Amino acid sequence: MKKLLLALWLTTLAITAKSDPLGLSELERKTLDTVVEEFNWKPGQKYAHKPVAVQSREEKSSTFKLQRKETFQNSQVTYEVVSEGAIVTLEFTIKPTSCKKEGFRPEKCSYRRFGRIQSCFACFKYEDANSQPLGQFWDCVPTRTPSLERRQQQQQKCEGVKRETTEHMIGQFSFLKSAPQE
1 MKKLLLALWL TTLAITAKSD PLGLSELERK TLDTVVEEFN WKPGQKYAHK
51 PVAVQSREEK SSTFKLQRKE TFQNSQVTYE VVSEGAIVTL EFTIKPTSCK
101 KEGFRPEKCS YRRFGRIQSC FACFKYEDAN SQPLGQFWDC VPTRTPSLER
151 RQQQQQKCEG VKRETTEHMI GQFSFLKSAP QE
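One point on numbering: in UniProt numbering, the residue at position 172 of the sequence shown is 172, and numbering is uninterrupted.
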């Protein structure tokens, strides 16, 4: 009986150890990792940063539609491009670690004692969990709470990311894009 309880307890520990410590979904984790990696490679950054906390997060699945009109050999064609995907928005903080950004391994680095905390906002659009972002915007400022004006600018940029659409031409319209112009 003791062995069974011990086995169950160890299994529970193993499952919780594999889960994300910040409680993020796969796309949210992918977004966070991308922003932190890109931030770390910005010019002027001496030390690598890693996330401290996530203040807010949102992941929405949606269908994106875009109407297009094109002229081909003096006739106008109207068609609709439809794409499904997800919009991920995150607000989080990052802080510099004691490690240099070259050869950075987050699990081995502790936070710098007096490191400046950056408040970040990210908005990414994905077609599916395995794809690269179709559109992205991120912004990090060296304050705990960005100004109202900055937040409005971030929201406007995020709306632009949401409107970006990939064009998947199928069937009869695929030749229109590849037809040589005379």
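These are calculated hints, taken from the structure and not from any lab test.
Predicted model only: the values in this text are computed from it and were never measured.
Do not rely on the hints blindly, as some may be mistaken.
[To be verified] Straight-line C-alpha distance at most 25 Å; calculated DSS-like pairs for lysine-lysine: (1) Lys162 x Lys60; (2) Lys50 x Lys101; (3) Lys101 x Lys162; (4) Lys60 x Lys100; (5) Lys100 x Lys157; (6) Lys101 x Lys30; (7) Lys46 x Lys162.
* Asked: Within 25 Å, alpha carbon to alpha carbon, are lysine 101 and lysine 30?
  -> holds (19 Å)
* **Given hint lysine 101 paired with lysine 50 - CA-CA distance at most 25 Å** => holds (11 Å)
* Asked: Between lysine 60 and lysine 100, is the straight-line Cα distance small enough, at 25 Å or below?
  -> violated (35 Å)
* Take the C-alpha atoms of lysine 100 and lysine 157, compute the straight-line distance between them, and say whether it is at most 25 Å. => Violated, at roughly 31 Å.
* Restraint check for lysine 101 with lysine 162, where alpha carbons must lie at most 25 Å apart -> Not OK: lysine 101 and lysine 162 at ~31 Å, beyond 25 Å, violated.
* Asked: Are lysine 46 and lysine 162 close enough, with their CA atoms no more than 25 Å apart?
  -> violated (33 Å)
* Sort out whether lysine 60 lies within 25 Å of lysine 162, counting only the CA atoms. => Answer holds: lysine 162 to lysine 60 is near 11 Å, not above 25 Å.
This entry does not satisfy hints 3, 4, 5, 7, going by the numbered hints stated previously.
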